[in-house]
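Asks: For reference, the chains in residue letters:
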Amino acid sequence: MTKRNPEASRFTRRTAMQVGAGIVGGAMIPPGLSLPAFAAPAPLGTWPEGSAGSTVSIGAAVPRTGSYAAQGEDELKGMELAVQHINEGHALIKKISPKTTKGVLGKQVKLLVADSGAKPNNAVQAVQRFIAENKIVLMTGSTSSAVAVALNKFAEREKVLYAVAISGSNDTTGKDCARYSFRQCFYGETAANAIGPVLLKAFGKGKKAAFMTPDYTYGHTVTKSVNDYLTANGGWTMVTNQVSPLGAPDFSQYLTNIANSGADVLVNVNWGHDAVLSIQQAKQFGILPKMKLVVPYQVPFLAKEVGADIMQDVYAATDFWWTLEDKYPLAKMFVEAFDKKYGYKPEWGANNAYMQFAIWARMVESAGTFYPPDVIKAYEKGEKFDSTVGEVHFRGADHQLVRPVVIVKGKGPKAMKNKEDFWEVVEVVPGEPLMQKPDAFGCSLGDYT
Amino acid sequence: MINWVNFASQAVNGLVLGALLALISSGLTIIYGTLGVLNLAHGALFMIGGYAGYVVYGFTESYVAAVVGGALFVMLVGIVMERVIIRYFYARPHEDQILVTFGLGIVFVEVIRFFFGSLSKVVPGPSWATGITPLGFMVYPTYRLALVAIVAVALVVLFFVLYRTRLGMIVRAGIEDSTMVGALGINVYRVFMVVFGIGSMAAGFAGIVNAPVVSLTPDMGEAILVQTFVVVVIGGVGSFPGAILGGLIAGEIISITSMFDPGYSYVMLFVTMTVVLVLRPYGLLGTAGRE
Chain Y
1 MTKRNPEASR
11 FTRRTAMQVG
21 AGIVGGAMIP
31 PGLSLPAFAA
41 PAPLGTWPEG
51 SAGSTVSIGA
61 AVPRTGSYAA
71 QGEDELKGME
81 LAVQHINEGH
91 ALIKKISPKT
101 TKGVLGKQVK
111 LLVADSGAKP
121 NNAVQAVQRF
131 IAENKIVLMT
141 GSTSSAVAVA
151 LNKFAEREKV
161 LYAVAISGSN
171 DTTGKDCARY
181 SFRQCFYGET
191 AANAIGPVLL
201 KAFGKGKKAA
211 FMTPDYTYGH
221 TVTKSVNDYL
231 TANGGWTMVT
241 NQVSPLGAPD
251 FSQYLTNIAN
261 SGADVLVNVN
271 WGHDAVLSIQ
281 QAKQFGILPK
291 MKLVVPYQVP
301 FLAKEVGADI
311 MQDVYAATDF
321 WWTLEDKYPL
331 AKMFVEAFDK
341 KYGYKPEWGA
351 NNAYMQFAIW
361 ARMVESAGTF
371 YPPDVIKAYE
381 KGEKFDSTVG
391 EVHFRGADHQ
401 LVRPVVIVKG
411 KGPKAMKNKE
421 DFWEVVEVVP
431 GEPLMQKPDA
441 FGCSLGDYT
Chain A
1 MINWVNFASQ
11 AVNGLVLGAL
21 LALISSGLTI
31 IYGTLGVLNL
41 AHGALFMIGG
51 YAGYVVYGFT
61 ESYVAAVVGG
71 ALFVMLVGIV
81 MERVIIRYFY
91 ARPHEDQILV
101 TFGLGIVFVE
111 VIRFFFGSLS
121 KVVPGPSWAT
131 GITPLGFMVY
141 PTYRLALVAI
151 VAVALVVLFF
161 VLYRTRLGMI
171 VRAGIEDSTM
181 VGALGINVYR
191 VFMVVFGIGS
201 MAAGFAGIVN
211 APVVSLTPDM
221 GEAILVQTFV
231 VVVIGGVGSF
241 PGAILGGLIA
251 GEIISITSMF
261 DPGYSYVMLF
271 VTMTVVLVLR
281 PYGLLGTAGR
291 E
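Chains as they are written, first to last, in our numbering: chain Y, 1 to 449; chain A, 1 to 291.
Just chain A, with the same shape it has in the complex (with noise of 0.2 Å):
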């Protein structure tokens, strides 16, 4: 299956893998960024979008409604987890926080269970994005086209927010040193639950907008985690930009070395991440110290 139809499809395939990559992990390494915390919910919260755009969905047989409410209803799960639980954290340990994110997913993840059953759900794609696209080399399902301009028009709103607003200048810094932050008379706990709750909310947006291409399960979080913290590794903790970057270069990975042999293709992804690792400890666009 060597040949360059195949290579230019596999390529195709790879950026819109990459986009939603770039999404989610986007939201994560903002949150550990700023506040230091590394959320093991993430790809609860990411499943929990899906799930919560299914119900709006339900009620409304709307697309736009349910990624509105999808999103909206993740973000507000994100602030109440911070208020209730992850500000008690910040000054404790890495592995504290790790544990009690954990530990939330885990919730999360039964209490979907519990309410929904194990078997799939589906959420379709709105009614101008379904059937298939003709590229010229191959057909590809139109929602996935579509679905690259939708991420990219999420993400340029979080740059916006992130570098051109006051609140996103408060991030960046508090990035950088929260303390002095704080000593300039920024209430940064507040800060950082705003924070939490757009870091949460590009998970469930990438949730619900995820929804039409897979059918939802409880346990669709978890093997997208894994792949968003190789993302976030690759390209530097707590980078926007390199979140971006390294979701791409994930989702390329994965796509074009399928081509080759589809058993290698998650394999490669790890074996990226190790080279990384040992050429830039920081990630490609992480720079040293943040941590």
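Pulled out of the complex, with its shape left as it was, chain Y reads as follows (with noise of 0.2 Å):
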């Protein structure tokens, strides 16, 4: 009898708790104190149940099976790194966030882990259960724009800020933002933007180019943006674009169509393992090195799965790579720890997920609450502050951050000084130049209640 129905009992329990104190507290205190405890705002998603406690939950999904399994790993030891930063009040966090003391708002952060296999449907329904049973105050997760998209919209509609972890879709940020998400790196539009100039300097105008693309909005966005600035400012041709679903087993059929189309470079947007594959494969092919490979948007390992000698003198975009470590103080101090927690050197995506936890402890700190929509203000007010790669800002109208895009060159193995040392920084890019106006994707964020 006790035991049926536990919810009922507990509620009536608090409720009547709630009640006692309000009569008491009533009685006690002077009118014109309690009154900010009546303007309290409703309660809102998971607030403030989500933080009543001494911790609060964050809830990843991240992509631990399937073809983007390798760099959801690592993206995850880069959150983990950062909540245990948190937890301890590491000098790092406290120089991205420097209010934190340990824990954010004194409250110790726990990670929930939960597998998406990079698929929008499993993704929602992880968070979903986190936010049900955990009362999540933030989640995070996706190596795939389309995840980003789906848990944009459930972050929305939620009420439950998104820490968007790897997407490089113009969507995210563009047609498909939101007012409860934030993205911290860099995507399509500014890849293209970045490394335009870099490839038209380095295989001259009137190319011929040929594109392999991931059939979703990650694929088509970047594709797009990369050939409209080749197109646009370098008489640029795409002779074939290869579209291929997320996941393909074999890439023989595209390569066929490559091998024929006359290319002079080959613009691989395929992501995760899918780009180990169709650049190991486009060796096999002889299409390797016989046109010149370019990756628009880098893939954590790539470099060291199919090997340094495939990826010599490979332009790509990126993120962030170690040896910034060079230019960059807050750079080195993450290396650093990550290198003697995990025994390797980050890749960008661990850097990502890592600064948006970073970020995140900034912003509810300066908020002073967890309460949503006053975090979102904090975000929105666009303070400069440091990170990894230098100082950055958030954009309010589009919740993008802007930050430098860095152009890397693929070493070769002779070139290598250790065996993580793929590639040479050439150029780290202003990130502010390469975006595009806040509206010119179409965002319209939502509401804040």
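Bear in mind the hints are in silico, worked out from the structure with no lab data behind them.
Note that the coordinates shown come from a computational prediction; the quantities given were computed from them, not determined experimentally.
Note that beta-carbon positions come from the ideal geometry of N, C-alpha and C, so glycine has one too.
Here are the simulated BS3-like cross-link-like pairs (lysine-lysine), alpha carbons at most 30 Å apart as the crow flies:
1. A/121 to Y/341
2. Y/94 to Y/135
3. A/121 to Y/414
4. Y/94 to Y/345
5. Y/224 to Y/409
6. Y/77 to Y/327
7. A/121 to Y/411
8. Y/119 to A/121
9. A/121 to Y/417
10. Y/159 to Y/437
11. Y/77 to A/121
12. A/121 to Y/304
13. Y/283 to A/121
14. Y/119 to Y/345
15. Y/419 to A/121
16. Y/304 to Y/327
17. Y/340 to A/121
18. Y/327 to Y/99
19. Y/417 to Y/340
20. Y/292 to A/121
21. Y/201 to Y/224
22. Y/345 to Y/292
23. Y/409 to A/121
24. Y/290 to A/121
25. Y/341 to Y/414
26. Y/345 to A/121
Far from chain A, by Cβ distances over 12 Å, these chain Y residues were calculated:
27. 102
28. 382
29. 393
30. 395
31. 439
Both chains are given apart, each in its own frame, so use the hints to dock them into the complex.
Replies: Spelled out as structure tokens, the structure:
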């Protein structure tokens, strides 16, 4: 009998205590002071329940299976390190979020993880469970923009903040942008505008390009941005665009078309294991090194997996590469801490995840509350702060971080100083001029409440 | 990209893709035809073949040893799987068989992930089949051409085992009517174990001979499994020649469609399956009543 309805009895008990406290408190506190309590906003999403205790939870849906699994694991390590640093008040977190002591607003942070398999449905279900069962105050995850876009909409509906993990689609802060969502990393348009001039300088004008495009929002928008730039500024032509599904088991039919296309340059937008496989097979087909390979949206572990020889002289745009530690003090702290804990140099997915959590900690501390609209407004203020790639700030109008894009070039086995020295940083391109106008891709942020 | 040169290139590529699909599918169809078990762990066995070969290659640096080791290991996995779990499911409904093999598939994938991680592994091809071969209208990876011959030999061997040996006769009789075979005093269950082993070995063999053209990841069997099912449905469930025909058709559809629109190359595969199911519900070479 007593076990029959624990929810109801707990609710009753709590309500009784609240009513009791209200009566006693109301009698003791002068009327003027009790006013703010009555003016407190109505519950919203998981607020205030999610931050009522001594810990707050973050729910992450990362791919641990499927074509993006290796990248998902790297991303997850960045999240774990950030949570550890936030909870112990590490010096690096304090550089990004100066008000942080230990935890966020004094509450310890707990990370909950589920496998998304890079599938939007799985990701949304996992996060939904975290919201219902754990009252998470922040959701994260995605290495696929299809997931990011789905979680954007879900965050908006559930009124729970979403820190976008890896997502390269223009749509994430474009037509599918959301008031409750924030992106730290670079994306198609900034990648294209950063790598475009480098490609024109390296390969010249009037080249023929073959594109390989994964068939979802990320692939289509990145291919469009890169092609638009090269066509408009260099008179390049797209001779073929090989669209393939995420997780294609073989790329031979696409590569056969490319082999017969007469292209000079192969722009490979595929990601995760799809990028690895398509590049390895392009080598088998003799397409590489005959055509020049370009990777406009760098893939964590790509050079390690396909081999430094194939990646020699290949240009790529990326978010972060560990040798930036020579340029930015925060990058040095991050790379050292990460390498110490996990035994390898962090890839950009890990850096992105770490930065996203650190920035969130900063914004919550700055707002002084977990109440989502106040935290969002802290982001939207657009204050400048230090990061692993120098000073950055958020753009209030589309929730995109204004941050540089890093252009790298494959070193080749001979020039590598150690086994993880795959890329040479060619240029760190300032972010602001690379970005489209906030409304150019149709972003219209939703409501706060 | 629609021209004769590209058409010829895609036709060759379709043959290579199809040969491999035929081999994997033949294993699936033999098991289903004889045992009535839809083995959803077949894709995982394909993947294990690749990894087992990778390990053997690491020790021996021999392609042949990797192929033999990979195939035999997966046969062993198949036999153990049959003895320990599958045989208790012969009499149970298809739903149970599907669930248990699906579950085993997940276990296999995660065990491999635990030991090898998610980063892909590469098995180099044999030294006599590296580089590219000029075909006149295009250049094509030599190993992929060799793969057609390797798969053809394997399928011929399977054909002889199935159609020219006593064991094969029993297996084929078992496909038609296992109760009757049992009534004739033949230990059908021992035959079943062997069949499961051979079917698994076909997947494992395909996994390791395919390894040099792809890079191994724990999830590689998933996409292949789906295509394999399509092949079996097109060719006719339980039909060995059907698996070969279905494989070749599937390979050509994937390849040639991509010439017109790459975005549809896998879509057309399912369209074809649907058309076949409507016109010939038992598949091209299947016979009614096998189910």
